[in-house]
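*Asks:* Given the structure of chain S, go ahead and fit chain X onto it with the hints provided.
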Amino acid sequence: MLLKTRDTSHATEQEVTPKELYLSRREIMAGLAQSAIVAGTASLTLPLMTDHAYAAKTFDRVGHNAAFDIKEKLTPLKDVTSYNNFYEFGTDKEDPSRLSAAFRPKPWKLVIDGECEKPASLELEDFIKPQKLEERIYRLRCVEAWSMVIPWIGFPLADVIKAAKPNSRAKYVAFTTLQNPEQMPGQKRPILDWPYREGLRLDEALHPLTLLAVGLYGELLPSQNGAPLRLVVPWKYGFKSIKSIVKITFTSSQPQTSWNMMAPEEYGFYSNVNPKVDHPRWSQAKERRIGELFKRETLMFNGYDQVASLYQGMNLKKDY
Amino acid sequence: MRLSIKQKLLITKSSLFVGLMIPLCTLVVGFITSDLGANPVEKMTHVTGDLALRILLLSLAMTPLQHLLRWRKAILYRRLLGLMAFFYAILHFIVYLVFDQELSFLETFADVKKRPYITAGFAALILMVPLAITSTDRLIKRMGIKNWQRLHKSVYLVAVLAITHFWWLVKADTKEPLIYALIFVTLMLLRLARLRGRPFMKRAKMPPQ
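Top to bottom, those sequences are chains S and X.
Residue numbers for the first sequence follow the numbering used here, so the first one is 203 and each next one is one higher.
Residue numbers for the second sequence follow the numbering used here, so the first one is -8 and each next one is one higher.
Isolated chain S (complex conformation) (with noise of 0.2 angstroms):
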């Protein structure tokens, strides 16, 4: 994989947190989980304990791939898990942190269909056992101009669509997250068409930068994060990273994607990081950086030029 040095960046590489000194973090946290339970709360903290048990057998020999590395400064933890867009849970940024209590990311099965030759049904635990799970430091720009760097934990998408075998009628891969109103107490009211569907033109797809994340920061994700299976696409506005996914579907037609349907000349299909093209309502050009106060630049592609190819001979500003 190659990927450039990038001169736009504002960290030093001692600003980068290494990767021993967050991940020192779960074993205070797994520590505290089993010192819970010899207080006798056992039963409240039990599913914690195991979760903890699942992510630490299954992230313990993840690697992080380096060849993703940006200079740039991680989100601190704290930002990342209590800023979110999650309408499921609510409109507010606290929302999703605040009234995600009632989710259960476990047990979860996901469904694999459409035009390929292995669909599959399956528990989440038997989808990820196969897959080689690495840690790859992304930049993540949303549509409303701020912007975050996250550590993930995940596998490229493009290993579980060639398992998959998509047929030649396959053009697209679509998404679906779930719906519970019960779990997801957003979902009451409709802001969105529930459920929420994203979708990707193959080749999006099968591009290695695309992730299927389950981890952030070394731990299992979290709740409002879009647990327990999400979409990382970074060069691609936020909204397209699908959370708590329960179906992947390979269509031979452009799928319908969420804020596409709620607002057609808002929110294009692509919705690629441009700072040329601006929401019809707001600039495009910077971002707030969380952590930061000022704006700075946004870079086409949020600074992922490699994915340029899959775009040429389009005109952007009208496949926004």
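Hints may be right or wrong, so weigh each one.
Claimed, not checked - List time: in silico DSS-like cross-link candidates among lysine-lysine, alpha-carbon distance up to 27 angstroms:
| no. | chain 1 | residue 1 | chain 2 | residue 2 |
| --- | --- | --- | --- | --- |
| 1 | X | Lys162 | S | Lys520 |
| 2 | S | Lys519 | X | Lys105 |
| 3 | X | Lys105 | X | Lys4 |
| 4 | S | Lys488 | X | Lys162 |
Since the hints were derived computationally from the structure, they do not count as laboratory data.
*Replies:* Same frame as chain S, but now just chain X:
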């Protein structure tokens, strides 16, 4: 000790002023201690904008309240509320000017021209300026009560623009601006109902103070 009516009014007005300054103090302390969450600029923008709109609607509620509750003194708080709404609207604009536009007046002007929701918000702010300036007793007297009332009717337009500003910037959830719009429409209907219920000749008469 018995307080005169004037003294009592001074005390209630001062407490209202202090009460309305508390959110600003909370913001300033939060900013200094980095306790405004992940996006402090957004927090400051939202808090000052919400307050400007809420206090503005409260100021518009004083006349209907005066009639509905037969609370004759309600009208005495209207000026302070109007000025406080203006104060928070100015702060709202300053946050935008400093942190979003980095004090570039050229870019701010371009933004005001290009973005309808910014245009609406900016127009509301500009329209509030003459209202704030003409809020002293001396100027009211100099303008004459009729002219002053005519000028201050534009506060309704300010409210419409401010609510529009909010409505046009939300992504999908219009619940909050809708609530403000409903409050505004209710206040307007209350005024209308009273006007229609009165004989024509008495309409121009000032409410008893």
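*Asks:* Each hint needs a verdict: does it hold in this structure or not?
*Replies:* Each hint, compared with the structure:
Using a Cα cut-off of 27 angstroms, the hinted pair lysine 162 of chain X and lysine 520 of chain S holds, with the two alpha carbons roughly 21 angstroms apart. In summary, the hint linking lysine 519 of chain S to lysine 105 of chain X is supported, as the alpha carbons are separated by about 18 angstroms, within the 27 angstroms threshold. Distance restraint check for lysine 105 of chain X and lysine 4 of chain X: the Cα-Cα separation of roughly 40 angstroms exceeds the 27 angstroms cut-off, and the hinted pair is therefore not satisfied. For the suggested pair lysine 488 of chain S and lysine 162 of chain X, the alpha carbons sit about 18 angstroms apart, so the restraint of at most 27 angstroms is met.
In terms of the numbered hints stated before, the structure departs from hint 3 and from no other.
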